[in-house]
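Asks: We have chain A already, so just place chain B on it with the hints.
Top line first, the protein sequences correspond to chains A and B.
Everything in the first sequence is counted per my numbering, starting at 8 for the first residue and increasing by one.
Everything in the second sequence is counted per my numbering, starting at 270 for the first residue and increasing by one.
Worth flagging that the hints you see were computed from the coordinates, not collected in a lab.
The beta carbon of each residue, even a glycine, is placed where N, CA and C say it ideally should be.
You may find that some hints are simply not true.
Far from chain A by the CB rule (all over 12 angstroms, computed), these chain B residues [to be verified]:
| no. | residue |
| --- | --- |
| 1 | V290 |
| 2 | I359 |
| 3 | W443 |
No more than 25 angstroms apart at the CA atoms, straight line, and that leaves these computed lysine to any residue pairs for SDA-like [said to hold, decoys possible]:
| no. | chain 1 | residue 1 | chain 2 | residue 2 |
| --- | --- | --- | --- | --- |
| 4 | A | K150 | B | M376 |
| 5 | A | K150 | B | Q471 |
| 6 | B | K310 | A | D128 |
| 7 | B | K383 | A | P108 |
| 8 | B | K474 | A | D128 |
| 9 | B | K310 | A | T127 |
| 10 | A | K73 | A | L154 |
| 11 | B | K303 | A | D128 |
| 12 | B | K383 | A | G156 |
| 13 | A | K150 | B | R315 |
| 14 | B | K383 | A | S52 |
| 15 | A | K150 | B | V483 |
| 16 | B | K310 | A | K17 |
| 17 | A | K73 | B | M476 |
| 18 | B | K474 | A | M25 |
| 19 | A | K150 | B | V302 |
| 20 | B | K383 | A | W225 |
| 21 | B | K303 | A | E114 |
| 22 | B | K474 | A | L84 |
| 23 | A | K27 | B | V302 |
| 24 | A | K201 | A | R15 |
| 25 | A | K17 | B | E479 |
| 26 | B | K474 | A | K150 |
| 27 | B | K383 | A | A86 |
| 28 | B | K383 | A | P151 |
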Amino acid sequence: MEAENIVRAKDVRKVYTMGKMILEALKGIDLTIRRGEYISIMGPSGSGKSTLFNMIGGLDQPSDGKVYIDEVDVAQLDAYELAWLRCRKIGYIFQTFNLIPVMTALENVTLPMIFAGVPTDEGIERGVELLDLVGLGDRVQHKPLELSGGQQQRVAIARALANDPAIVLADEPTGNLDLKTGKEIITLLKALNKDKGVTIISATHDLKMLDASDRIVWIRDGTIERIEDRADLHLQVGVVEGEEG
Amino acid sequence: MRIGGVFVEVGTSSKIPQEGVGRQLNLPLAEAVKISLRSLKIRFWRSIITGAGIFLGIAFLLSVVTSSYITSALDPEDESVVGAAQKWLIVISILVCTIGITNSMLMSVTERYKEIGTMKCLGALNRFVVKMFLLESSFLGLFGSITGALVGCLSMTLLRLMSDGMDVIRLYPWIPVLQWMVYAVVLGLILSVVGAIYPAYQAAKMMPAEAMRVEV
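Pulled out of the complex, with its shape left as it was, chain A reads as follows (with noise of 0.2 angstroms):
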């Protein structure tokens, strides 16, 4: 079973209904994703990136067409198996962070841990391991508010990784870091990919994250514009930044 599609979206729709107002912020999205790829969704703010993310890791409800998942029709699951597709499967990686800013760096990257029923001393075993390789292992008792921006970021990439998930689904990670941090968290993501063949989805619109990328998929106004492998990009690269600036 190697090298099969582990995230498809087939025709893929999301409509918000605000007030009278009708906004499509997907119109028909097919998107076929490799296990253990690294690839970049890139598109300019309210291109319908995050929105693409959030069906892809199961967090919202397509408006029409369907998602797959390891081959899983993702509306045909029940709550428990949603609950464990999030929990072991997928891990996810947000843009704002998203920590429980009252629990410790430890305490939040075990939580997935208890969800998924991993012994107390275990996890915490495992949470140390987990903190201190993305370079936190002497800020464990550290809660969010104490911890710099780029730190934050590296606790949700170990709570992300908690459960071993075969996925990593990062919404503009680097989005609110500074060119350096946000430089050492691609370097990381992109170690996961190599070292453990994690498949790394990212939304993104920062340009950094292209040399680590397999794919790139170019959204505007919620279509695939194009997509494009790395071999192709490197003789583009010139184009694209000329494009973006």
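Replies: Leaving out everything else, chain B in the frame of chain A:
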């Protein structure tokens, strides 16, 4: 930062299958009790403030009730006149306490919408979220209303003792006051649980993306 081939593997017990989809565990009640107590403890001061809201409501109710029964006990002839005014006072104090408690519970849960959304992303079941808030609010409700009932009753008794002398003890309306203590604790508990469960249930049944978007 340490990157590279040092990724940690956990024992086989929690090793996940790479294919297909499993079913999330329904955490046992004991685990939920543990988590909710821990959750109250880690936001200790916030819990104290919410608890104080319940405490004040119930203490106010009980002091009004105690005072009115003492007045009736000291002056049985006047009962018809005083009674109407006292009943009115009790009704008002029940209303004040209802609104106070529901408000503090609603606030304490709505400010945690984002947290509920995040917990759902991390694999919490809806029913676990509801169960956790049910337990948290019952602990808070019980603690707040028992202390509130005791303090409200005792302080009013002391006040009346100072103004009306030892007659208060001699003619003390034990039975109705004790009855009202029980009513007040039950009321406090129900209000705290209802005030917390309604928003918690709303948040728990949302898709995580929606719950995390809610700004309070």
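Asks: Given the hinted pair K310 (chain B) and K17 (chain A), is their alpha-carbon gap at most 25 angstroms?
Replies: 46 angstroms, violated
Asks: Is K474 (chain B) within 25 angstroms of K150 (chain A), Cα to Cα?
Replies: Violated - the C-alpha atoms of K150 (chain A) and K474 (chain B) are around 28 angstroms apart, more than 25 angstroms.
Asks: Are the Cα positions of K150 (chain A) and M376 (chain B) separated by 25 angstroms at most?
Replies: It holds: about 23 angstroms lies between the C-alpha atoms, which stays within 25 angstroms.
Asks: Holds or violated: are the alpha carbons of K383 (chain B) and W225 (chain A) at most 25 angstroms from each other?
Replies: Roughly 29 angstroms between the alpha carbons, so the hint for K383 (chain B) and W225 (chain A) is violated.
Asks: Do the alpha carbons of K474 (chain B) and D128 (chain A) lie within 25 angstroms of each other, as the hint requires?
Replies: Given that 25 angstroms is the threshold and the Cα spacing comes to 31 angstroms, the pair is violated.
Asks: Would you mind confirming whether the straight-line C-alpha gap from K150 (chain A) to R315 (chain B) stays at or under 25 angstroms?
Replies: Satisfied, since the Cα-Cα distance of roughly 16 angstroms is no more than 25 angstroms.
Asks: Sort out whether V302 (chain B) lies within 25 angstroms of K27 (chain A), counting only the CA atoms.
Replies: The hint is violated at about 44 angstroms.
Asks: Is K474 (chain B) close enough to L84 (chain A), meaning Cα to Cα at most 25 angstroms?
Replies: 15 angstroms, holds
Asks: Next pair to validate is K73 (chain A) with M476 (chain B); report whether the Cα-Cα distance is within 25 angstroms.
Replies: Distance of about 16 angstroms is within 25 angstroms: holds.
Asks: Given the hinted pair K383 (chain B) and A86 (chain A), is their alpha-carbon gap at most 25 angstroms?
Replies: 19 angstroms, holds
Asks: Compare the distance between the alpha carbons of K474 (chain B) and M25 (chain A) with 25 angstroms, and conclude whether the hinted pair is satisfied.
Replies: Holds. K474 (chain B) to M25 (chain A) sits at ~20 angstroms (cutoff 25 angstroms).
Asks: Classify the label on W443 (chain B) as holds or violated, using whether its beta-carbon is more than 12 angstroms from each beta-carbon of chain A.
Replies: Answer for W443 (chain B): holds, closest chain A Cβ roughly 43 angstroms.
In the structure shown, a violation is registered for the earlier hints numbered 1, 5, 8, 10, 16, 20, 23 and 26, in ascending order.
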